[in-house]
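**Student:** The primary structure of each chain is shown beneath.
Protein chains: 2
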Amino acid sequence: MKKRVVVIGGVACGPKAASRIKRLMPQAEVTIIEKDELLSYAGCGLPYYISGEVRDCSELMSTPAGVVRDTHFFRAVKDITVKNRTVAERIDREKKEVHALSIETGERLVFPYDDLVLAVGSHTVKPPIPGSGLKGVNFLSTVEDARRIRDQEGSLAGKHAVIIGAGLIGVEVTEAFVKQGMQVRIVEQTEHLLENLVDPEIAFHLKNEMLKNGVALNLKDRAKEILGDDQGRVRAVVTEKDTYPADMVLIAVGVRPEVRLAQDAGLAIGSLGGILVDSHMRTSDPSIYAGGDCVENLSRITEKPLYAPMGSTANKHGRVIADNICGRPTAFPGVLGTAIVRVFDISLGRTGLTEREAKAEGFSVVTALTPAPDRAHFLPSAKLIIIKLVVENPSGRILGCQVVGYGDVAKRIEVAVVSMSHKGTVYDLGSYDLAYAPPFSPAMDNIIVAANIAENKISGIGRGLSPEEVRARMDAGEDFIFLDVRSPAEFEQMRIEDDRVRLVPLGKLRERLKEIPKDKEIVAFCKISLRGYEAQRILDGADFKDVRYMDGGVVAWPYKKFVAS
Amino acid sequence: MKKRVVVIGGVACGPKAASRIKRLMPQAEVTIIEKDELLSYAGCGLPYYISGEVRDCSELMSTPAGVVRDTHFFRAVKDITVKNRTVAERIDREKKEVHALSIETGERLVFPYDDLVLAVGSHTVKPPIPGSGLKGVNFLSTVEDARRIRDQEGSLAGKHAVIIGAGLIGVEVTEAFVKQGMQVRIVEQTEHLLENLVDPEIAFHLKNEMLKNGVALNLKDRAKEILGDDQGRVRAVVTEKDTYPADMVLIAVGVRPEVRLAQDAGLAIGSLGGILVDSHMRTSDPSIYAGGDCVENLSRITEKPLYAPMGSTANKHGRVIADNICGRPTAFPGVLGTAIVRVFDISLGRTGLTEREAKAEGFSVVTALTPAPDRAHFLPSAKLIIIKLVVENPSGRILGCQVVGYGDVAKRIEVAVVSMSHKGTVYDLGSYDLAYAPPFSPAMDNIIVAANIAENKISGIGRGLSPEEVRARMDAGEDFIFLDVRSPAEFEQMRIEDDRVRLVPLGKLRERLKEIPKDKEIVAFCKISLRGYEAQRILDGADFKDVRYMDGGVVAWPYKKFVAS
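Listed in order, the protein sequences are those of chains P and H.
Quick note on numbering: the first sequence equals residues 1 to 565 in my numbering.
Quick note on numbering: the second sequence equals residues 566 to 1130 in my numbering.
Hints listed in this document are in silico derivations from the structure and should not be mistaken for laboratory results.
Just so we're clear, the structure is a prediction, and the values are computed from it rather than from any experiment.
The beta carbon of each residue, even a glycine, is placed where N, CA and C say it ideally should be.
Simulated restraints, written as ranges between beta carbons of each label pair:
#1 D345/P - S836/H: 46 to 56 Å
#2 K988/H - K359/P: 27 to 37 Å
#3 Q27/P - E1080/H: 18 to 28 Å
Straight line, CA to CA, 25 Å or less: simulated PhoX-like cross-link-like pairs of lysine-lysine:
#4 K948/H - K179/P
#5 K423/P - K988/H
#6 K1110/H - K3/P
#7 K2/P - K1079/H
#8 K1073/H - K2/P
#9 K518/P - K567/H
#10 K1083/H - K2/P
#11 K648/H - K508/P
#12 K1110/H - K2/P
#13 K514/P - K567/H
#14 K508/P - K567/H
#15 K383/P - K948/H
#16 K744/H - K383/P
Produce the complete structure using the sequences and hints provided.
**Tutor:** Laid out in structure tokens, this is it:
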């Protein structure tokens, strides 16, 4: 007998599962039920449609060969039946049926299944801000949303936009709006951009890039109300700080897994509110699988639940589901919570745990912070990137990695991702035979340097202080020598203004040791703190007892400019 | 008592070992003996000095902070004694002394040691071509060589250069010469560029890029003689094919480990001719360590010796040597033979074993060949890259990876490198939580697609033929249906000209099954062969018995143009 598979959801996980099921079992009868008109579109591409980088919406729905993935495509190419504009309303687990409603005809439909796949995605969080219903107040989750935003009457140029929420979508759309010539303001409750994704000293560089591009930032602020005109069109946003003009508002404060159908059917829901699945993507009902943004994953670091909706993960889920439905017991090992974003000229990536998260999980942590050119420094094309590595002490296991900068960020994130997937340590990382040639990396790749630094800290050879820790000591009025070991020329160019700072270039340090008091704590630093570390070792060797260096040097010192937003 | 460490060699491994020894043991007495004037320069940067990308030679010898690493630098900053222009002539292992000769003063010097580090590098191979001694015939291994090449009398523009040897140095300098406006011809004995590094279908794309940039290629040709004028200046190169004008010749046919000193001292030499070291970089004499280009490594794949000189590896060796000298038993796990090169607009990377090498090692192999855009295909900035994955059958272990193309090649190579360092399989690779956003990758990253393809082949779902295999069948006059499942428009644009080709677009295949004879072998393909694979599965499902698809589709088909060089 032919196996009947019903898939609810036609965006990423659903079509992937359906297509592979047909490849593995050509005789299977596969039906996709999708509430909207459009299928298989690249939801993550919406900001690039808004920015104008993607000219035509249909490109987001096409295969790389330019074929639009519509219902006809699925029928002709895949032999898959698609019921779009059809809402799945109820699952009858006993009879193994999905009850649905056709939006077009009003007809009630029943789809019997042997196996059911829930790929119903997520929904955007709609915070109870008065005025959210005004014209010009948008959320961004579908192609229709993106069209409504971009295809305004008249040009977007010069108009005022307020974006509420500084997560991934918020910062991506910020860039898109600026590219369209809009005046953009971000209103974010927390202190930092991408607060849930990166540590403050990494978020800082994104903030600078935003300010450089004329974006106004209201951090630690909250939208209280959205005001409209007498046509019901948005006019302004009232925050705790002030009232700001707004011709358009985007609310992007996050997404939540869509679980109504699963919940009504009595399927188990996880602690983070997503559909609970085992490593085979099977729900609490063995005939029902779920994948994509509606499920919660396991973290490969903490082995605890993690809600990390991502198109890449949804596709992997779809493949695992297809395998299991077709008798191949493939398992999905979980995720690391990897994310990457480009905003203007800067890229920012992260994977695993931030320092804050790792500490909250109870890990003993050392970190390395390495600002350096992304390729051989003698090439004019070299650009700065800053890596922060979060490492378990003393095992050396890599717990997380964040990279920000103008150069090749993605490559270093992938190195960390793959290493962490194999429970790699900094000892492993330090010896990877990474691809070296001057146009691609320094001879010692940035992430290998980061691994070496973390290793030195674990073994006690290097003793670092983070910029935050140094700043806290300064704010507390502590007495220490803040030893700048750069050259006088570098000092002239850019320096940390503080009475504790003393300049002794590294090349003079050995002969000027007597000038440095032995009874005070010393914090050495340079441009990026390789020389700071070298200074620490020189002073250690000369019997100074209380010496540290500051991670990342002046390049990573986040307090030098743009302190006020 | 202070430990005395003598380091012979001042370029990469030597200074790295010396510096770290001083950081770990500030009281150690460390001396570097270097035969040349210059230390610690970036040898890999020489082609970029020749091209003009690097303006000034001193940049190759500077720290990222712009300090030149000369003898004064090592004394003042590192407390290391440097004896440059000093040739180590003999090691007295019994007395633990190095006997050396100062080139400047003619003085004979003796350096007693507790530990000795050999970081003596490699020398370029000088093939016995008559005329190699003419003025204008160059090798490239030192800064002086690069200066001699670039700082010719008069401009390089318009002059004829012949490069003998198409390895990494040969192709890098080709680009450099073209950037200087020279007419460049490569003479290479083997059939392909980078013959020892990549498989032919990957080398092919580099060849096209060379031809596109006006480089003349004499493959399967050999330089027989170099002719000079009556001033002793090079004038022409005589090959087996013809005689070619030459104002300059670069001979770059490889390097060999420098082992004379070690050999004379009776240290063990490995099967590939490099100094033999254990995993702690210790030679057969426990007081003598060796690292960098003078040693042979172990392959992390075959666990056999591998000679893969690389600046990145030399630095890692230096660190491991320092640790061991200072009582930390760090081990070096070997290398993968990773290499990467940029030539004009194309990048090419490789790691592990090629298909040819893997088969020669006796592995049962499946491969995946995936040409696809390097980021979301709907972004205009997306660029083609082609990944070839070499995988052990049936374990799925990744044995090697090659990537070529105009997009982000390096990132995918690093993913393979890290995975292979942990003995990763395609099952591991397919589930890595790689960093996805449209400007960085497709939702299913290219290398994840490659892993999935290899997995499908191992399980027998996908049955691929390489372009070479298809071509061989065509050349043998075999009868099969070469089924192009692209659209008529794609077919018009670019197609494989052959009588066996039949066009049935994938979307029509199911309804036109009757047109396809069941008694013939079928080889399906498309642009990149995702649809080719889909077609194979459709035909499998319709009871066709002998169906395959061609890896990589028309994009990776190497015979469509530039067939003759």
